[in-house]
Amino acid sequence: GQQVKQSSPSLTVQEGGISILNCDYENDMFDYFAWYKKYPDNSPTLLISVRSNVDKREDGRLTVFLNKSGKHFSLHITASQPEDTAVYLCAAGQGGSAKLIFGEGTKLTVSS
Amino acid sequence: EAAVTQSPRNKVAVTGGKVTLSCNQTNNHNNMYWYRQDTGHGLRLIHYSYGAGSTEKGDIPDGYKASRPSQENFSLILELATPSQTSVYFCASGQGASAETLYFGSGTRLTVL
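In order, the protein sequences belong to chains Z and B.
Residues 1 to 112 in our numbering are what the first sequence lists, from first letter to last.
Residues 1 to 113 in our numbering are what the second sequence lists, from first letter to last.
Rather than coming from a laboratory, the hints here were simulated on the basis of the structure.
Among the clues, some could well be false.
As the list claims (entries may be wrong) - Below 30 Å or equal to it, Euclidean Cα-Cα: the simulated BS3-like pairs (lysine-lysine) are:
| no. | chain 1 | residue 1 | chain 2 | residue 2 |
| --- | --- | --- | --- | --- |
| 1 | Z | LYS68 | Z | LYS107 |
| 2 | Z | LYS99 | Z | LYS56 |
| 3 | Z | LYS99 | Z | LYS37 |
| 4 | Z | LYS5 | Z | LYS107 |
| 5 | B | LYS11 | Z | LYS37 |
| 6 | B | LYS65 | Z | LYS68 |
| 7 | Z | LYS71 | Z | LYS5 |
| 8 | Z | LYS107 | Z | LYS37 |
| 9 | Z | LYS107 | B | LYS18 |
| 10 | B | LYS11 | Z | LYS99 |
| 11 | Z | LYS38 | Z | LYS71 |
| 12 | Z | LYS37 | B | LYS65 |
| 13 | Z | LYS99 | B | LYS57 |
| 14 | B | LYS57 | Z | LYS68 |
| 15 | Z | LYS38 | B | LYS65 |
| 16 | B | LYS65 | Z | LYS56 |
| 17 | B | LYS18 | B | LYS57 |
| 18 | B | LYS57 | Z | LYS71 |
| 19 | B | LYS57 | B | LYS11 |
| 20 | Z | LYS68 | Z | LYS99 |
| 21 | Z | LYS5 | B | LYS65 |
| 22 | Z | LYS99 | B | LYS65 |
| 23 | B | LYS65 | B | LYS18 |
| 24 | B | LYS11 | Z | LYS71 |
| 25 | Z | LYS37 | Z | LYS68 |
| 26 | B | LYS57 | Z | LYS5 |
| 27 | Z | LYS5 | Z | LYS56 |
| 28 | B | LYS57 | Z | LYS107 |
| 29 | Z | LYS5 | Z | LYS37 |
| 30 | B | LYS57 | Z | LYS37 |
Nothing here was measured: the structure is a model prediction, and the numbers come from that model.
Can you build the whole structure from these sequences, using the hints too?
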């Protein structure tokens with residue numbers, strides 16, 4: 001089964017609004033959580049990541065929230081801009097293993 | 001700047017043929033990965049490696065073999081290609097015992113007719 005799941009295949013947000021992308025995971029041994037961004041015909045690039053010892057991490061307009069008891073993490077993008085339009089992939093991994101598991105992706109469209 | 005180079009960029013193969021996708025990294029990273037990207041599935045892990053001589057099965061290894069002859073090179077081999085293996089394949093490299101930042105190549109678009 002899908003160990004890391006993004007239930008929303010797409011999301012549309014108005015320019016200037018907050019984009020909230022969600023990810024659920026099954027394996028409670030996961031202790032590393034990340035968000036990657038992918039433009040069409042390009043390769044994924046890391047946006048932001050957290051370890052399980054924190055519940056929140058901010059980096060500019062990006063914030064990752066981690067809810068370990070709910071096996072859920074999310075990415076909030078404030079002041080969303082048209083250039084944020086892309087596919088966002090969540091990923092999770094477990095300490096001591098190089099294996100990184102990705103979700104299905106959510107296509108974010110920021111409309112102006 | 002991290003560099004992961006995949007070849008070829010595009011490949012058309014026939015059903016039953018052998019296909020080899022190549023990946024080279026100049027990051028001196030221990031870990032290398034092969035993922036495939038399909039609509040509705042995101043990135044799915046096929047094989048990965050902890051270093052030269054090591055290959056590990058990912059989540060969808062059936063129909064694929066991997067080879068890591070050196071720190072820099074990691075190949076994905078389809079011995080008997082099938083149309084269901086038509087996809088975009090991404091190679092990546094990463095450092096450390098645990099998965100952290102992965103650096104991806106530009107992808108190989110494979111079509112199996």
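Do the hints match the structure? See the list:
Of the pairs offered as hints, the one joining LYS68/Z and LYS107/Z holds, with about 25 Å between alpha carbons and a cut-off of 30 Å not exceeded. For the hint linking LYS99/Z to LYS56/Z, the alpha-carbon distance of about 23 Å falls within 30 Å, and the restraint holds. About 19 Å separates the Cα atoms of LYS99/Z and LYS37/Z, which keeps this hinted pair within 30 Å; it holds. Between LYS5/Z and LYS107/Z the CA atoms are separated by roughly 14 Å; this keeps the pair inside 30 Å, and the hint holds.
As the CA atoms of LYS11/B and LYS37/Z are separated by approximately 25 Å, the hinted pair is consistent with the 30 Å bound. Our distance criterion of 30 Å between C-alpha atoms is broken by LYS65/B and LYS68/Z, whose separation comes to about 35 Å. For the suggested pair LYS71/Z and LYS5/Z, the alpha carbons sit about 11 Å apart, so the restraint of at most 30 Å is met. Simply put, LYS107/Z and LYS37/Z have alpha-carbon atoms about 10 Å apart, close enough for the 30 Å limit, and the pair holds.
For the proposed pair LYS107/Z and LYS18/B, the alpha carbon gap of about 34 Å is over 30 Å, so the pair is violated. Taking the CA atoms of LYS11/B and LYS99/Z, the gap is near 27 Å; set against the 30 Å cutoff, the hint holds. Distance check on the hinted pair: LYS38/Z and LYS71/Z sit about 24 Å apart at the alpha-carbon level, within 30 Å; holds. Taken as a hint, the LYS37/Z and LYS65/B pair is honoured in the structure, with Cα atoms around 28 Å apart against an allowance of 30 Å.
Of the pairs offered as hints, the one joining LYS99/Z and LYS57/B holds, with about 10 Å between alpha carbons and a cut-off of 30 Å not exceeded. Of the pairs offered as hints, the one joining LYS57/B and LYS68/Z holds, with about 27 Å between alpha carbons and a cut-off of 30 Å not exceeded. For the given pair, LYS38/Z sits about 26 Å from LYS65/B by alpha-carbon distance, which is consistent with the 30 Å threshold. A C-alpha spacing of about 39 Å is found between LYS65/B and LYS56/Z, which places the hinted pair above 30 Å, so the restraint is violated.
A hinted pair counts as satisfied when its Cα atoms are at most 30 Å apart, and LYS18/B with LYS57/B qualifies at roughly 20 Å. As the CA atoms of LYS57/B and LYS71/Z are separated by approximately 25 Å, the hinted pair is consistent with the 30 Å bound. Straight-line distance between C-alpha atoms of LYS57/B and LYS11/B comes to about 24 Å, which keeps the hinted pair within the 30 Å bound. For a cut-off of 30 Å, the pair hint linking LYS68/Z to LYS99/Z stands: about 19 Å separates their Cα positions.
A distance of roughly 26 Å separates the Cα atoms of LYS5/Z and LYS65/B; the hinted pair therefore holds under the 30 Å criterion. Note on LYS99/Z and LYS65/B: the hinted pairing holds, with a Cα-Cα distance of about 17 Å set against a maximum of 30 Å. A hinted pair counts as satisfied when its Cα atoms are at most 30 Å apart, and LYS65/B with LYS18/B qualifies at roughly 11 Å. Between the alpha carbons of LYS11/B and LYS71/Z the distance comes to roughly 39 Å, so the proposed pair goes past 30 Å and is violated.
For the given pair, LYS37/Z sits about 23 Å from LYS68/Z by alpha-carbon distance, which is consistent with the 30 Å threshold. A distance of roughly 21 Å separates the Cα atoms of LYS57/B and LYS5/Z; the hinted pair therefore holds under the 30 Å criterion. Among the hinted pairs, LYS5/Z with LYS56/Z is consistent with the structure: their alpha-carbon atoms are about 20 Å apart, no more than 30 Å. Proximity of LYS57/B to LYS107/Z is assessed by CA-CA distance (about 29 Å); at most 30 Å being required, the pair is judged to hold.
In summary, the hint linking LYS5/Z to LYS37/Z is supported, as the alpha carbons are separated by about 16 Å, within the 30 Å threshold. Of the pairs offered as hints, the one joining LYS57/B and LYS37/Z holds, with about 25 Å between alpha carbons and a cut-off of 30 Å not exceeded.
Of the numbered hints stated above, those contradicted by the structure are hints 6, 9, 16 and 24, listed in ascending order.
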